[in-house]
Amino acid sequence: MAILKVGILSCSGEECLGGTISRLATRKVLEEMKMVDTVTLCLPLYNAGGKEERNFASVFPTISVDGCDKLCAKRSTEKYSGRINGSIDVSKIIGNENALNTKIIRNNDLKEEHYRMVDEVAGEIVKAISDLEPNSYAGKTFRGCGCGD
Amino acid sequence: MQMSNKVKVIPCSGIGKVFGLVAREAALKTVVELCPEKAETVCLAYIVTGDEEVKAKMKDSGCITVDGCPKMCASKNVSLAGGIVVDEIKVLDTVKDHKGKKFGSPTELSDDGYLVVEEIAARIETRINEIA
Numbered sequence: 001m002a003i004l005k006v007g008i009l010s011c012s013g014e015e016c017l018g019g020t021i022s023r024l025a026t027r028k029v030l031e032e033m034k035m036v037d038t039v040t041l042c043l044p045l046y047n048a049g050g051k052e053e054r055n056f057a058s059v060f061p062t063i064s065v066d067g068c069d070k071l072c073a074k075r076s077t078e079k080y081s082g083r084i085n086g087s088i089d090v091s092k093i094i095g096n097e098n099a100l101n102t103k104i105i106r107n108n109d110l111k112e113e114h115y116r117m118v119d120e121v122a123g124e125i126v127k128a129i130s131d132l133e134p135n136s137y138a139g140k141t142f143r144g145c146g147c148g149d
Numbered sequence: 150m151q152m153s154n155k156v157k158v159i160p161c162s163g164i165g166k167v168f169g170l171v172a173r174e175a176a177l178k179t180v181v182e183l184c185p186e187k188a189e190t191v192c193l194a195y196i197v198t199g200d201e202e203v204k205a206k207m208k209d210s211g212c213i214t215v216d217g218c219p220k221m222c223a224s225k226n227v228s229l230a231g232g233i234v235v236d237e238i239k240v241l242d243t244v245k246d247h248k249g250k251k252f253g254s255p256t257e258l259s260d261d262g263y264l265v266v267e268e269i270a271a272r273i274e275t276r277i278n279e280i281a
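So the sequences go chain by chain: A and B. Residues in the first sequence are numbered from 1 upward in steps of one, following my numbering. Residues in the second sequence are numbered from 150 upward in steps of one, following my numbering.
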């Protein structure tokens, strides 16, 4: 039976607020918005050579979520899995000044305004999922075995 | 370009498990609150891009990695990028002393999760003071 899945790769950047927002927005989509079977791919594992993560991204549509315009998650996905189906640049949504804030990064430091940013970015991720061509994920199976099937 | 001599504290920030968030929060507590003069963090996702700027930043830098699972992605990626891993912190080594506790989720830590964060951050601080 075909499994319908979409992968989300978040940068989770540790140096600035944009990374925290990208991480939390990705988690929100996974936990609260059940429009399709969404999974998150662990970017450090993906970059360290995780076969299952890389094969998933080469079989199923993948959306990158980056906290700043360096677009590290997007570039890594393109490098190791060949293509990306959607890309979110958080700095374009919440503004560069917010995204590059190096003072507020920890979860405990976040205020109401930052959670509103999380909601906004999560909405953009959902929009990107909605924009995927149905034939980009329909009828595919994945066994995570490394053969790319 | 001026390079910093600060110790780099680099967590995996793994997004699928609570221990990735514990690693992230512990590293950030260290660099933001405990040792801002001696330590800093560098985005792990940026490190692996291989961009010249980050390669120069990482070259021969003393790094403490914090990993949430046995795959040790932060440590592996930092080594691949030319950083010198002077200590590998494993979150699982600390949580095994807290059997039966609930640490929260990959989105939000519980009070017990933050307790583990405090312990790991204190250990990182001690290590930074030894080497910096």
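Be a bit skeptical, because a hint or two may be false.
As the list claims (entries may be wrong) - Mimicking BS3-like on lysine-lysine, the simulated pairs with C-alpha atoms at most 27 angstroms apart in a straight line are:
#, chain 1, residue 1, chain 2, residue 2
1, B, Lys-187, A, Lys-79
2, A, Lys-5, B, Lys-166
3, B, Lys-220, B, Lys-239
4, A, Lys-28, B, Lys-155
5, B, Lys-208, B, Lys-155
6, A, Lys-51, B, Lys-250
7, A, Lys-127, B, Lys-166
8, B, Lys-204, A, Lys-79
9, A, Lys-103, B, Lys-155
10, A, Lys-51, B, Lys-204
11, A, Lys-111, B, Lys-166
12, B, Lys-245, B, Lys-208
13, B, Lys-220, A, Lys-5
14, A, Lys-79, B, Lys-250
15, B, Lys-187, A, Lys-51
16, B, Lys-220, A, Lys-79
17, B, Lys-206, A, Lys-111
18, B, Lys-250, B, Lys-239
19, B, Lys-155, B, Lys-187
What the hints assert, rightly or not - Taking CB as the label site, the calculated pair distances span:
#, chain 1, residue 1, chain 2, residue 2, range
20, B, Lys-248, A, Gly-123, 33 to 43 angstroms
21, B, Leu-264, A, Glu-97, 32 to 42 angstroms
22, A, Asp-37, B, Glu-186, 40 to 50 angstroms
Claimed, not checked - Here's a subset of chain A near chain B, in silico, CB distances under 10 angstroms, partners left out:
#, residue
23, Cys-11
24, Glu-15
25, Asn-47
26, Ala-48
27, Gly-50
28, Asn-107
29, Glu-112
No lab work stands behind these hints: they were computed from the structure. Predicted, not measured: the structure shown is a model, and the values here were computed from it. Even glycine gets a Cβ: it sits at the ideal position worked out from N, Cα and C.
Verification of the supplied hints:
no.: 1; hint: B:Lys-187 x A:Lys-79; result: 34 angstroms, violated
no.: 2; hint: A:Lys-5 x B:Lys-166; result: 19 angstroms, holds
no.: 3; hint: B:Lys-220 x B:Lys-239; result: 10 angstroms, holds
no.: 4; hint: A:Lys-28 x B:Lys-155; result: 34 angstroms, violated
no.: 5; hint: B:Lys-208 x B:Lys-155; result: 13 angstroms, holds
no.: 6; hint: A:Lys-51 x B:Lys-250; result: 32 angstroms, violated
no.: 7; hint: A:Lys-127 x B:Lys-166; result: 25 angstroms, holds
no.: 8; hint: B:Lys-204 x A:Lys-79; result: 18 angstroms, holds
no.: 9; hint: A:Lys-103 x B:Lys-155; result: 17 angstroms, holds
no.: 10; hint: A:Lys-51 x B:Lys-204; result: 25 angstroms, holds
no.: 11; hint: A:Lys-111 x B:Lys-166; result: 24 angstroms, holds
no.: 12; hint: B:Lys-245 x B:Lys-208; result: 34 angstroms, violated
no.: 13; hint: B:Lys-220 x A:Lys-5; result: 24 angstroms, holds
no.: 14; hint: A:Lys-79 x B:Lys-250; result: 40 angstroms, violated
no.: 15; hint: B:Lys-187 x A:Lys-51; result: 36 angstroms, violated
no.: 16; hint: B:Lys-220 x A:Lys-79; result: 21 angstroms, holds
no.: 17; hint: B:Lys-206 x A:Lys-111; result: 32 angstroms, violated
no.: 18; hint: B:Lys-250 x B:Lys-239; result: 18 angstroms, holds
no.: 19; hint: B:Lys-155 x B:Lys-187; result: 5 angstroms, holds
no.: 20; hint: B:Lys-248 x A:Gly-123: 33 to 43 angstroms; result: 40 angstroms, holds
no.: 21; hint: B:Leu-264 x A:Glu-97: 32 to 42 angstroms; result: 34 angstroms, holds
no.: 22; hint: A:Asp-37 x B:Glu-186: 40 to 50 angstroms; result: 46 angstroms, holds
no.: 23; hint: Cys-11; result: 4 angstroms, holds
no.: 24; hint: Glu-15; result: 5 angstroms, holds
no.: 25; hint: Asn-47; result: 4 angstroms, holds
no.: 26; hint: Ala-48; result: 4 angstroms, holds
no.: 27; hint: Gly-50; result: 7 angstroms, holds
no.: 28; hint: Asn-107; result: 7 angstroms, holds
no.: 29; hint: Glu-112; result: 15 angstroms, violated
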